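Chains Y and R, in that order, give the protein sequences.
Be aware that the first sequence starts at 806, since it is given in the working numbering, and climbs by one per residue.
Be aware that the second sequence starts at 13, since it is given in the working numbering, and climbs by one per residue.
What the hints contain is simulated information worked out from the structure, not anything from laboratory work.
Remember, predicted model here, so these are calculated numbers, not experimental data.
Ideal Cβ positions, reconstructed from N, Cα and C, are used throughout, including at glycine.
Check the hints yourself; a few may be wrong.
As the list claims (entries may be wrong) - To give an idea of the interface, some chain Y residues facing chain R are shown, with a C-beta separation under 7 Å as derived from the structure: (1) Arg809; (2) Val814; (3) Ile821; (4) Ser882; (5) Leu904; (6) Phe958; (7) Gly961.
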Amino acid sequence: MQERPDLIVCEECDAIHRRPVLAHAEVARCLRCGAELERDTGSRLERLLPLTVASLIMFVIANSFPIVQIELQGLTSDTTLFGAVMVLNGEGMSLVAMLVLATTILFPLMQMLVLLYLLLPFAHDIHDGHRPGVKILLRLMQIVRPWGMVEVFLLGVLVALVKLSNMAAVVPGVALWAFGALTILLTVVVSFNPRYLWRILVSERGDGGEAVR
Amino acid sequence: MSAGTHNTGVDGIDGASQPVAAIPDLDSAIGTDIFPCHHCGTVWQGAQQDEQCEVCHAPLHRRRIDSLNRTWAFLIAACIMYIPANLMPVMITSTLLDEQRDTIMSGIVYFWVSGSWELAIVVFVASFMVPLFKLVALIILTVSARRRSSWQRLQRAKLYRVVETIGRWSMLDVFVVSLLTGLVQIEGFAKITAGIGVAAFGSVVVFTMLASLSFDPRLIWDEVDPEAGQATDKEQQKKDMND
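Just chain Y, same shape as in the assembly (with noise of 0.2 Å):
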């Protein structure tokens, strides 16, 4: 078998095309279907890094600080998404707490820790492409994608704010500002097409896959 690096075939409907030669910022998109075919990723890849970086801090911070606290008849009550996790587990509802726990903490965790395993050698050109595990790490981030779901946890404790206002004394935490950046950063983060770090970190560098096998 032998790679054809000239053609493109687009993933939601398998056209064949001729791989387009992208100005800075263009999409080529499938003339059958409209899926995006290839983005280019020039400066985008350089700015990913640093968002990586400001997204795992705001996740500690996320995490590591109540989300809300509530007053009610002099008494308070606050809770931190791990807090509630827990909560939930102890009350027997363990697989709906493991659920929560792997989409709001576990995998978008995940694939930040993965993005700055694979970007910090290549911003700063340690190695020469071998890193051990890209492939593992890059199919896991694949797979993961789809299940990150911070943004939606984050309307999620907008509705429950609302909710609870009506019966006591809502006060945000610093977790809820920090969970309000992280979404920001990670749409951004996430965004970028695990397909074209294949390219990049693989396929382009040649010696990186020959060095890993």
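The hints should help you fit chain R onto chain Y, whose structure is shown.
Just chain R, lined up with the frame of chain Y:
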């Protein structure tokens, strides 16, 4: 091979306004010896089914394995769970005086009557419309793909894209209930517990997401059965026709 066409415009295709006949007649990779890797996008020539992609080491497949059967299985599971998800309480609020059991719908109604109609609409869309829309859309997509229908291919491709994009948002209610449960734990005063309905509802979201991930949008464009329609079979068909 009419693979020479490509489009670098930002707008790409003119979209819905184009009549079906105007969709360019491009070659699908399945009828040729071109074999794209679904993981890393590398295009191979002369590869075999199940051979490993040399770039990412994933096995090469023409179509997602057993796509329609898996999609059906997840869809049926989701349809079954949809019933308890809407009938069982998702949240139980106990205060000193009484205990209130809320289903998805009664939560929406509560928002509506208490004056926050914007939120009522947000939750109604995310928790009720989106799961229902996904179930109906995926059933349409699966049935039409199985029949190799050529009906509205471009619209169906777009429908699939919509399903993929909005699917995650129905997790909203699961997160709302989780947070409220974690937060409102004031002993003897007010306590919110998650109801069994939230587990059913979460499973509907997970099953519909698995269904849409199992569905292969390439099947929308397939003229022949892809399971039988490997490159060799197609050549065989051509030979048969010549005979």
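Status of the hints after comparison with the structure:
1. Arg809: holds (5 Å)
2. Val814: holds (4 Å)
3. Ile821: holds (4 Å)
4. Ser882: Cβ of Ser882 (chain Y) sits 5 Å from chain R, so the hint holds.
5. Leu904: holds (5 Å)
6. Phe958: holds (5 Å)
7. Gly961: holds (3 Å)
Checked against the numbered hints listed earlier, the structure breaks none of them; every hint is satisfied.
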